[in-house]
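With the hints as extra help, turn the sequences into a complete structure.
Number of protein chains: 2
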Amino acid sequence: MANSPSGESMAHRIIRVIEAFDGEHRSLSAAELARRTGLPSSTAYRIVEELLAESVLERDGQLLRLGTRLWELVSRSSKVLGLREAALPFMEDVQAVVGHHTVLGIIEKNEVLYIERIGSNESTINITKVAGRLPIHATSTGLVLTALGPAEDQELLLRRRLKRYTDTTTTDPDELRRELAEVRRMGYSVMAGTIVQESTGVAVPIFNADGKAIAALSVVIPRLGGPLQTSITALQTAARGVSRALGWDGTLRDAVRRSL
Amino acid sequence: MANSPSGESMAHRIIRVIEAFDGEHRSLSAAELARRTGLPSSTAYRIVEELLAESVLERDGQLLRLGTRLWELVSRSSKVLGLREAALPFMEDVQAVVGHHTVLGIIEKNEVLYIERIGSNESTINITKVAGRLPIHATSTGLVLTALGPAEDQELLLRRRLKRYTDTTTTDPDELRRELAEVRRMGYSVMAGTIVQESTGVAVPIFNADGKAIAALSVVIPRLGGPLQTSITALQTAARGVSRALGWDGTLRDAVRRSL
Numbered sequence: 001m002a003n004s005p006s007g008e009s010m011a012h013r014i015i016r017v018i019e020a021f022d023g024e025h026r027s028l029s030a031a032e033l034a035r036r037t038g039l040p041s042s043t044a045y046r047i048v049e050e051l052l053a054e055s056v057l058e059r060d061g062q063l064l065r066l067g068t069r070l071w072e073l074v075s076r077s078s079k080v081l082g083l084r085e086a087a088l089p090f091m092e093d094v095q096a097v098v099g100h101h102t103v104l105g106i107i108e109k110n111e112v113l114y115i116e117r118i119g120s121n122e123s124t125i126n127i128t129k130v131a132g133r134l135p136i137h138a139t140s141t142g143l144v145l146t147a148l149g150p151a152e153d154q155e156l157l158l159r160r161r162l163k164r165y166t167d168t169t170t171t172d173p174d175e176l177r178r179e180l181a182e183v184r185r186m187g188y189s190v191m192a193g194t195i196v197q198e199s200t201g202v203a204v205p206i207f208n209a210d211g212k213a214i215a216a217l218s219v220v221i222p223r224l225g226g227p228l229q230t231s232i233t234a235l236q237t238a239a240r241g242v243s244r245a246l247g248w249d250g251t252l253r254d255a256v257r258r259s260l
Numbered sequence: 001m002a003n004s005p006s007g008e009s010m011a012h013r014i015i016r017v018i019e020a021f022d023g024e025h026r027s028l029s030a031a032e033l034a035r036r037t038g039l040p041s042s043t044a045y046r047i048v049e050e051l052l053a054e055s056v057l058e059r060d061g062q063l064l065r066l067g068t069r070l071w072e073l074v075s076r077s078s079k080v081l082g083l084r085e086a087a088l089p090f091m092e093d094v095q096a097v098v099g100h101h102t103v104l105g106i107i108e109k110n111e112v113l114y115i116e117r118i119g120s121n122e123s124t125i126n127i128t129k130v131a132g133r134l135p136i137h138a139t140s141t142g143l144v145l146t147a148l149g150p151a152e153d154q155e156l157l158l159r160r161r162l163k164r165y166t167d168t169t170t171t172d173p174d175e176l177r178r179e180l181a182e183v184r185r186m187g188y189s190v191m192a193g194t195i196v197q198e199s200t201g202v203a204v205p206i207f208n209a210d211g212k213a214i215a216a217l218s219v220v221i222p223r224l225g226g227p228l229q230t231s232i233t234a235l236q237t238a239a240r241g242v243s244r245a246l247g248w249d250g251t252l253r254d255a256v257r258r259s260l
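Note that the protein sequences, when read in sequence, are chains L and U. The first sequence begins at 1 in the UniProt record's numbering and counts up by one. The second sequence begins at 1 in the UniProt record's numbering and counts up by one.
Be careful, since some hints might not be right.
Note: identical chains are not told apart, hence a pair may lie in one copy or across any two.
Claimed, not checked - Each computed DMTMM-like pair below joins lysine to aspartate or glutamate, with the alpha-carbon atoms no more than 20 Å apart:
id, residue 1, residue 2
1, Lys129, Glu85
2, Lys109, Asp60
3, Lys163, Glu58
4, Lys163, Glu19
5, Lys109, Glu49
6, Lys212, Asp22
7, Lys163, Glu175
Bear in mind the hints are in silico, worked out from the structure with no lab data behind them.
In structure tokens:
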């Protein structure tokens with residue numbers, strides 16, 4: 001259907017236009033937008049006109065930006081919204097008790113995708129942002145969800161070439177395998193300085209009605225003198241509440257049952 | 001470009017497919033989806049295949065649902081995200097002080113669109129939901145934003161046929177004009193039972209760097225015995241914080257200056 005000579009579908013080309021906008025490029029001129037999509041200008045301009053007509057894009061003076069329409073359509077039905085609505089009150093509890101950034105993340109296409117973050121306390125460096133991504137092997141969220149996930153995902157991770165962010169980032173497959181086993185045994189992950197020297201991430205799993213670890217609740221605390229035990233306890237308590245709100249009945253899959 | 005015989009653009013048809021999903025229809029069979037779009041089945045199926053290839057849709061067993069991709073693309077650049085990120089810490093403050101649902105809303109295409117809601121206290125009936133819409137004339141958010149907005153928007157509202165939700169919903173243009181003037185004078189709106197008998201909405205404006213009222217912060221409290229004065233004070237205090245976070249310098253447009 002309406003594929004270009006390059007074989008790209010219209011949906012693909014529309015996504016390329018939407019994708020050209022990000023946190024650093026919230027408004028773009030039509031020319032910049034065409035350039036960022038890599039589409040022929042005439043194609044890009046026609047798609048822009050179509051998306052303006054649908055209120056997916058809107059004019060911002062001489063520039064273009066994403067309108068509210070797509071956000072509204074996506075938000076009212078996305079599985080992300082259900083998860084974050086269930087988690088938000090419990091995230092507030094964690095933030096109140098621990099006093100540091102509280103973050104909700106999932107694994108999406110081999111990376112950690114953060115879907116909510118609360119807390120205005122800027123006492124430690126936290127590079128997570130909503131709708132931002134970080135690598136699995138360097139984050140507490142990535143490690144706990146991989147450790148409690150399917151064995152094949154662990155093997156895939158161990159076969160990948162992993163980037164060393166700091167001197168405590170584990171990139172050696174054997175060492176990472178031992179760390180995953182330890183996280184599975186403990187039921188939570190603690191990652192000290194693996195992505196930013198000064199910060200420690202602590203993450204616990206959230207289970208769905210099938211007892212599958214579908215998301216992680218985490219805090220980012222100062223590596224030196226941060227409230228580590230308090231964080232673990234608060235997260236474990238809150239994550240049970242979120243899991244229950246998602247229909248979890250308190251039973252766990254085999255891999256997790258051994259440890260918790 | 002690739003317009004159908006009916007003259008609809010591809011972007012329009014893709015939006016119709018995405019739009020078929022909502023809070024009550026988070027997962028759909030391909031046949032249900034085709035039916036809800038009103039598109040010819042073959043067209044709907046081809047668009048579904050394209051959207052599956054782009055991870056905009058994903059399979060949920062035998063059904064289809066919106067994937068995370070579009071949420072991610074939209075969230076990282078939408079103006080909604082910047083507003084809600086600025087507002088969220090202050091919404092938590094209001095929720096802590098008032099103890100009732102705290103809501104963030106904007107006006108979008110002649111309706112109120114709610115973009116965030118926090119608070120798990122279920123002490124009063126609150127029909128707002130995230131990415132949900134309510135009518136301007138029956139909500140505190142709609143009235144305060146219209147009262148402080150352009151005069152032409154007020155005239156447009158007064159010319160519309162307005163629905164009476166309860167016996168306190170104002171639908172008479174002359175009465176509504178007086179209420180708008182009163183809201184403009186006070187700088188906030190209080191709507192008692194205008195959409196749900198048992199609840200009162202209280203809303204204050206949030207200003208952007210240009211001193212324009214772009215959103216409203218509101219609470220929904222019990223109509224009988226709810227903390228009305230506390231709500232007004234907490235909202236006024238918090239809204240100044242949100243406005244400042246958006247770059248507002250404390251000066252107001254003429255319409256508002258008179259009152260605050």
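Structure-based check of all given hints:
Taking the closest pair of Cα atoms, lysine 129 and glutamate 85 come within 20 Å of each other both inside a single copy (17 Å) and across two copies (10 Å). In this assembly of identical chains, the alpha carbons of lysine 109 and aspartate 60 lie at most 20 Å apart only when taken from different copies (16 Å versus 33 Å within one copy). Taking the closest pair of Cα atoms, lysine 163 and glutamate 58 never come within 20 Å of each other, the shortest separation being 39 Å inside a single copy and 30 Å across copies. In the homo-oligomer, the alpha carbons of lysine 163 and glutamate 19 never lie at most 20 Å apart, since the shortest distance is 25 Å inside one protomer and 40 Å across protomers.
In this assembly of identical chains, lysine 109 and glutamate 49 lie within 20 Å of each other by CA distance solely across copies; the values are 19 Å between and 31 Å within a copy. Proximity of lysine 212 and aspartate 22 under a CA criterion of 20 Å is satisfied in neither setting, with 31 Å inside one chain copy and 25 Å between copies. When the C-alpha separation of lysine 163 and glutamate 175 is checked against a cutoff of 20 Å, the pair qualifies only within one copy, where the shortest distance is 14 Å, while the shortest distance between copies is 66 Å.
Checked against the numbered hints given earlier, this structure breaks hints 3, 4 and 6; the rest are met.
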